[in-house]
Each structure stands twice: as structure tokens, then as C-alpha cells.
Amino acid sequence: MATLEREIRFESDRDPEFAAQIRRMPGCENLNRCIQCATCSGICPLSTYMDMTPRRVIQLARDGFKADVLNCNTIWLCASCYQCQVECPKEIGITDVMYALKCKAIEAGIKPKQAAPQTLYREFYNLGTKNGRISEGALMVNTVIKTQPARFWSLKMLGLRLLRTGRFGWKIERMPQQSVLKAAIQATPPINGKESS
Amino acid sequence: MKYAYYPGCSLKSSGRAYEESFLAVCKILGLEMEELDNWNCCGATSFMSIEQGPAYTCSVRNLALAEKKNMDLVAPCGGCYGVLLKADHYYADYPAVRNSVDKGLAAEGLQYRRQIQIRHPMELLTHDPGLKAIRSLVKRPLKGLRVASYYGCRFLRPVAPFDDMRHPQTMDSLMKTVGARIADYASRGRCCGGALAGSIPKMAQELTYRLIKDAQKAEADVIVTGCPLCQFNLDAFQDEIIASHPDVKPIPVFFFTQLLGLALGAEPEELGIQRLIVPGIKILQEKGILGDKKADEKKVPVAAGAQNG
Ligand code: SF4
Ligand code: SF4
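Here the protein sequences come in this chain order: E and B. Under my numbering, think of the first position of the first sequence as 1, with each following residue one higher. Under my numbering, think of the first position of the second sequence as 1, with each following residue one higher.
Any given hint could turn out to be false.
[Claimed, not checked] Derived lysine-lysine pairs resembling DSS-like cross-links, with alpha carbons at most 30 Å apart: (1) E:K130 to B:K287; (2) E:K130 to B:K68; (3) B:K143 to B:K287; (4) E:K146 to B:K202; (5) E:K156 to B:K176; (6) B:K139 to B:K103; (7) E:K130 to B:K12; (8) E:K182 to B:K12; (9) B:K27 to B:K69; (10) B:K2 to B:K12; (11) E:K171 to B:K12; (12) E:K171 to B:K202; (13) B:K139 to E:K156; (14) B:K287 to B:K213; (15) E:K182 to B:K103; (16) B:K2 to B:K69.
What the hints contain is simulated information worked out from the structure, not anything from laboratory work.
Could you build all of it, start to finish, from the sequences and the hints given here?
In C-alpha cells:
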């Protein structure tokens, strides 16, 4: 049975400063040029799984509907394949807008309903910035345990094969000198689109 | 000529066969790769999704290390290659990026002047030794092997630094040069699902299914790729994909450097061919490219003397 849903957005839901911050992020400067042609939605290989199409995300982001775009699953399903970006007739950096929105969702402490992609990115970021290199074994095991515990055992065959073929190890990979990377990261000012930075 | 080799994390574990085969090919062709000291993870799609300041610093740091040695940087991983290339361009184009990165690098006494090039093996092998030189060194032509070249995203988008975005040819030309036949592969530039394979596997596998299905439609014997994540997604999950889509059959997924190496006379073990999850040896034997082991032992060794060029 079809249910009729009406969603009304109010002027007071808009946050123009939020839209301005997105536009100041690298690659996002053309956001306002969107003509809502939906080429992006049509070409995106994942749009059928998204709760909002990329076109809609672009529209709501540039109008400053912060809560909508930071809570949608679209930004986390985006696989950064750049299909939309290269086909957009207005040369909007759509993939970069998706990246910027992911960062803003993290900044706002939003945990998406479909949490796995964000969890994977966080695990990756923590491992990668701490050790300077990714230990793929640890990354895979941590992510599967945290996000798909039921799948853990069904993956054991693959795990064994990867071990046997030497493609998977328990060794934690590290840069020989991690401290220099840590210092560089600490000395890096944030890029968050806020005017002061 | 010497190059700064940037392996990236995958080439040290799940994509180990790519490192083995790439370095073997370089050795045969006389290209000298010197691994960068103390390189760090490029950040992939993850750093960029969490904190963009550190993301750009981490990427550009590797470029600065190569520049310090005055060498072009070679990044075989498609993911690393795309990320480093983008970081280089954005460093030039966006003052906010430059400001953050410069301050970060200064903490280590590094700076970046954009004086080096970022190279991918596909393009490097095509230009530096060149196709002619490669052809002249072929010892084991890939006769009768029908290859689907899968490019995926990073060599074509957001910019296609060495190819045509919609009709890429580089990998096909390399494969043709060593005697393979090229399948008319419709999915050559589609997305493999990327990191989603690790987070929402069902979705990623729907995308990968399509890639395998199209390769089958094009009657390809094998798929070749130049990215360890593409290779992993296509190779490691075929069991699960076939379980939910019985209309596709297993197909081996090689790194293009493995097939090149084979054609240039290197042995399968040196090229990590035994590391594929969907075994690749059988099709090579069926096509008569590799003899079976016993017959092979009687033959004259082919790899000897291949160290010139
Ligand atoms: S393709 Fe570009 S112009 Fe068209 S709707 Fe998407 S973002 Fe807007
Ligand atoms: S970059 Fe993201 S939004 Fe754009 S087509 Fe690819 S998956 Fe879809």
C-alpha cells in the first residue's frame, strides 16, 4: 500500500553559512552552478541504493539544508568513482562535495544509520595516521567485527585462502620513523571551509 | 634512469603479486626502481572523508620526499596514483590546501615545489622503454588469450592523465604488444565498488557482478587490471558473487604486469601468479602459453639473458 508522505522544509531549517563553508572546500566552488539536470543521479552506479540522489544532495547542500544532507546515507555510499563529476555539464566537483559533506558529518558527530562505511573510514584513518601505513589484515578484521559480525565466520574460507597465498598477514605495518608524520599532521591547519582558516 | 618507487600499503600485502610482477618487469626492461624511504599511506578515500588538512599533508609528503631525491615518483596502485595526482593538482589550485600542506611539511623540514612527475606503470612502460622495445623482448607471446582490460576509475577520472576518458587504450596496447587478443569490454571504466567491498559488501558485489558478467559477454578468458583494490574486489569475492548470481562463471583476474612479465619470459612464481584466488595457471596452460610443469622442465630456460635493455 502506498503511503503519501509530505515533507516540508522551512526557511528556518536553512543554514546559509553551512552552504558557504561547503563552497569554500577544495573542489566545491561551483556548487551554485547546478541546473538540476540529474545527469549525476542517472550515471551514479550506487544511486539506486541511496536515500537521496546526488542531484538532490547538491540542491539541498547549496540551499544550506544542513541536517538533511549530513544525515543522508548518500554521502557514505558514494564510492568516489568520479562518474558524476566528469559528466556534470556545469563542472561541479560532485565527488568533492560528497567528501566535504562526509567531513562535516564527522565534525558534527553524526553517526549514520548505515554505519559501516563511516566505521571503515575511521579505522583506516586511525591506523593510517598512527602507524603511517595500513595493515590490511588488521583493517579487515576490525571492520568486519565492528560492522558485520555475522559475516565473520562466513569469511573464514576467504581468510584462509588469503593467508595461504600470502596476501593477508597479522603483521602490523609501520613507517620506520612515525614521529615525523605525526609532527606534520599536528602542524597542519584544518581545511574546513570556515572563514578564519 | 632511476625512479622513486612508491609502493603504497596494498602492494605490501593483498596486492603483493602486483609488486612482485611490476619489479620483475622493470628488471627485464632495465628500469631502476628505488623504494622511497619512510613513505607513508596516501590516505586513499578515507583520509579525505575524515579530515582534509591532514589528508593533503599526508599525500603531498610523499611527493616532497621524491622531489628531494630529484626523481619522478612511480605509484603502481591505482588508488594511490589517483590520490597523489589529485593532491598535486589541488596543491597548485587551492591556496587553502597549499597553506595547510606547507605548514605541515615544514614541521619535518620538507617543502614541495611541484618539480617532479607522478607516473603510473601503465603509462611508464608504454613510454619509457616503449612498446617497440617491449615487443622485441617477448619470449612467450600470449597467443590466443582474450583479455578484458579493466581500467576502473582512477586512470580515467576525474582527469585522464594519459588516456582517453571514455575510450582508454593504454593497457590494451600493452596487451596487444605482447600478443594477446583484446575483448570488446563494455565495463572497462565502471566502478568496482571501491571501499564499499569492505563496508557494505552486498552493494559492492552487485557492481562487481556486472563487471564479471560483461567480461563474460565479451568472451574474455581473463580480466587484467592495474589497481590492487580492483583486483581484490574482482578476484576475492567471486565465490560469494557466483553464489548469488549463478549466471556467471569464475574468471581469473590478473595484474597487467603479471601477463607482461610472463610474455617477457619471467616465471609464474616470480610474478605472484600463484597468489590469485581464482587460479590463473590453468587457462594459460590451455592456451599453450605455459607448458605443464613436467614438459617445461625439459625445455631450455627462457629467462636467462633477459637482463639487457
Ligand atoms: S549533473 Fe551537475 S548540473 Fe546536473 S544535477 Fe548533477 S550537479 Fe547539478
Ligand atoms: S562519485 Fe559518488 S556520487 Fe558520483 S557517481 Fe560515483 S558513487 Fe555516485
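Do the hints match the structure? See the list:
1. E:K130 to B:K287: Violated, at about 48 Å.
2. E:K130 to B:K68: holds (24 Å)
3. B:K143 to B:K287: holds (7 Å)
4. E:K146 to B:K202: holds (17 Å)
5. E:K156 to B:K176: violated (38 Å)
6. B:K139 to B:K103: Not OK: K139 of chain B and K103 of chain B at ~51 Å, beyond 30 Å, violated.
7. E:K130 to B:K12: holds (18 Å)
8. E:K182 to B:K12: Status holds; Cα separation ~22 Å.
9. B:K27 to B:K69: holds (21 Å)
10. B:K2 to B:K12: OK: K2 of chain B and K12 of chain B at ~21 Å, within 30 Å.
11. E:K171 to B:K12: Holds, because 11 Å separates the two Cα atoms, which is no more than 30 Å.
12. E:K171 to B:K202: holds (28 Å)
13. B:K139 to E:K156: violated (40 Å)
14. B:K287 to B:K213: holds (22 Å)
15. E:K182 to B:K103: Distance ~13 Å between K182 of chain E and K103 of chain B Cα, so the pair holds.
16. B:K2 to B:K69: The hint holds at about 10 Å.
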